[in-house]
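Engineer: Same order as they appear, the protein sequences are chains A, B and C.
To convert, note that position 91 of the first sequence is 91 in our numbering; the numbers rise steadily by one, no gaps.
For our numbering, count along the second sequence from 1 and bump the result up by 1000.
For our numbering, count along the third sequence from 1 and bump the result up by 2000.
There could be a bad hint or two in this list.
Incomplete in silico selection of chain A near chain C, CB under 10 Å [claimed, not checked]:
#1 Thr3
#2 Phe12
#3 Asn15
#4 Ser16
#5 Ala24
#6 Lys57
#7 Lys96
#8 Val97
#9 Ser98
#10 Trp100
By construction, these hints were calculated from the structure, which means they are not laboratory data.
Just so it is clear, CB atoms sit at the ideal spot from N, CA and C, and this is done for glycine as well.
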Amino acid sequence: MSTLHTVNKSPFEKNSLADCLGYAKEGSAVLMYEDGVYGAMKGNAVAEKVAAASGVKFYALGPDLKARGISEEKLAEGIEVVDYAGFVSLAVENDKVSAWV
Amino acid sequence: MKFAIQVNEGPYQHQATDSAYQFAKAALDAGHEIMRVFFYHDGVNNGTNLTTPPQDDRNIVNRWSELGKAHDLDMVVCVAAAQRRGIVDEGEMQRNGKDAQNIADGFRISGLGQLIEAGIQSERLMVFGD
Amino acid sequence: MSETIKKFMYLNRRAPYGTIYAWESLEVVLIGAAFDQDVSLAFIGDGVYQLLEGQDTSESDMKNFSTTYKALGDYDVTKLYVEKESLEERGLTLDDLMPLTWEDEDDDWAEKDSIRLVSRAELADVLDDQDIVYSF
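Could you build all of it, start to finish, from the sequences and the hints given here?
Structural biologist: Here is the structure:
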């Protein structure tokens, strides 16, 4: 089963991203949204962990990036930006959704 | 796709209810079905008709009421969580001896069985929380 | 109550009492028990604190709901996965947790442990197998 994992808290506030990465298997997707988008930025303390998650596809929610002043150049490599319609598609394309709040 | 949505946080305090709303809207726009939006924990506070947010900001409660009306959504506020937090409809008002009710348009108060049923009957459960 | 049987996972990552999530999630589990689904609970991170033995709220004037975990076996909720790494990070072992059991009617009512101590990797496989994940 492929899972869409969602992470909505900053990795510096809570360990939701770390928890999620411990459970995200190959072939799964991780969507960072709300304050979770800070986990998608390059050069921060979690960037290595994100890069190391093999077989996991990472997404960040565009509207939440924009709200926080995070331009796409500031994102780590391999992060795909999606909008809410994309969020819905990800939920449809994967077999289930696991929320790491 | 048949979605169920769980909202765990109240209006303004957390972005959860905003995210849930935007997701719901996008899902409906894409032609999907939302069989229930279930408000739990502080999420029940999305169902009060007593908010007066500033004019220059979004009206979260009204937004849900309008979306609910436009798409005939089943927006359920958990009775146990509502009793703890003071969200009251006519029935609860009578049952618990309250002198007012404050449930917003389009919301109904019901039991946790509705959340379980949503999990059983939907194809995807989306949880928005903190 | 329904023909469909889904694998329901209740994800618990928070400590008790500091917030209401632990208790209100348990309320969902109790109500959910009547729906005859294939239920599992996972305790990850601070969620493992929910199962600590010896909770006494008499001086906090808060509801002590820890005994409710002991009743789960009677509700046919018998799969409580506790993540080993989360216990270890917190300096805890199984001995620190409440002894939670259930009676297997298919095995002459033998008393069995409800708590399943699993590694993160094992729990990841369990989670992967679920149909529905409730987060609180």
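Engineer: Taking the numbered hints from earlier one at a time, note which ones the structure violates and give those numbers from smallest to largest.
Structural biologist: 2 and 6
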